[in-house]
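Each chain is listed here by its residues.
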Amino acid sequence: EPEVTQTPSHQVTQMGQEVILRCVPISNHLYFYWYRQILGQKVEFLVSFYNNEISEKSEIFDDQFSVERPDGSNFTLKIRSTKLEDSAMYFCASSEAGGGGTQYFGPGTRLLVL
Amino acid sequence: AQSVTQLDSQVPVFEEAPVELRCNYSSSVSVYLFWYVQYPNQGLQLLLKYLSGSTLVKGINGFEAEFNKSQTSFHLRKPSVHISDTAEYFCAVSDQGSGTYKYIFGTGTRLKVLA
Numbered sequence: 016e017p018e019v020t021q022t023p024s025h026q027v028t029q030m031g032q033e034v035i036l037r038c039v040p041i042s043n044h045l046y047f048y049w050y051r052q053i054l055g056q057k058v059e060f061l062v063s064f065y066n067n068e069i070s071e072k073s074e075i076f077d078d079q080f081s082v083e084r085p086d087g088s089n090f091t092l093k094i095r096s097t098k099l100e101d102s103a104m105y106f107c108a109s110s111e112a113g114g115g116g117t118q119y120f121g122p123g124t125r126l127l128v129l
Numbered sequence: 143a144q145s146v147t148q149l150d151s152q153v154p155v156f157e158e159a160p161v162e163l164r165c166n167y168s169s170s171v172s173v174y175l176f177w178y179v180q181y182p183n184q185g186l187q188l189l190l191k192y193l194s195g196s197t198l199v200k201g202i203n204g205f206e207a208e209f210n211k212s213q214t215s216f217h218l219r220k221p222s223v224h225i226s227d228t229a230e231y232f233c234a235v236s237d238q239g240s241g242t243y244k245y246i247f248g249t250g251t252r253l254k255v256l257a
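Chain order of the listed sequences is A and B. All the letters of the first sequence, read from the start, carry residue numbers 16 to 129 under my numbering. All the letters of the second sequence, read from the start, carry residue numbers 143 to 257 under my numbering.
Pulled out of the complex, with its shape left as it was, chain A reads as follows (with noise of 0.2 Å):
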């Protein structure tokens, strides 16, 4: 069955310093999510991503947050200066539709920021 994959699985980085988490999204979907976690709270939405431009993002993805679709397979998240709040888990997700189409996810990329 076809997954959703991220790596890296961790990621431990001292603050100010850029990381860039990696996805590959379902090979024919083409709508591209990432969410995040702060540890003992909820799973917040990040950025939607379709037709290779932002469609919609949250008020948490300010400047320094990107995303880009490098190539056909692979979605990435880059944070420019992490700061110490960005530590979470990232998700990424993907859906073949939007409206009420299934977001399938990734096991996620624990973050944590020193």
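Hints may contain errors.
Simulated pairs of lysine-lysine, BS3-like, Cα-Cα distance not exceeding 30 Å [to be verified]:
| hint | chain 1 | residue 1 | chain 2 | residue 2 |
| --- | --- | --- | --- | --- |
| 1 | A | K57 | B | K191 |
| 2 | B | K211 | A | K57 |
| 3 | A | K72 | A | K57 |
So these bits of chain B aren't anywhere near chain A, every CB distance computed over 12 Å [claimed, not checked]:
| hint | residue |
| --- | --- |
| 4 | S145 |
| 5 | H217 |
| 6 | S222 |
I should point out that these hints are in silico values taken from the structure, not numbers from a laboratory. By construction, the Cβ of each residue, glycine as well, lies at the ideal position given by its N, Cα and C atoms.
We have chain A; now place chain B onto it with these hints.
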């Protein structure tokens, strides 16, 4: 603005007993509703979803949920749980027809099945 409330942060239940995990939402528009399960060290897996039609939705692993529009609820039920159902369960909502596809999640309910 949309929101999802899962009132129970933890639910302990004995094996083979029934369980209900509660989910209430608020939204000014019609919604799609989802339940996801997260096993330890794994991603979110879809259990079931309500898009339209019958308000009783059946999902994987014997779970079902009922959409109640008047009570804005989408409670998850299973008549007889197994040890393997121990996991965290998330309710999520997504707007219909507004052009936004993001999910709004509840805070999750940790189901612990006891032997």
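A quick look at each hint next to the structure:
1. K57(A) - K191(B): Cα-Cα ~19 Å, so holds.
2. K211(B) - K57(A): holds, 24 Å
3. K72(A) - K57(A): holds, 17 Å
4. S145: violated, 10 Å
5. H217: It holds; H217(B) is separated from chain A by about 18 Å at its closest Cβ, greater than 12 Å.
6. S222: holds, 26 Å
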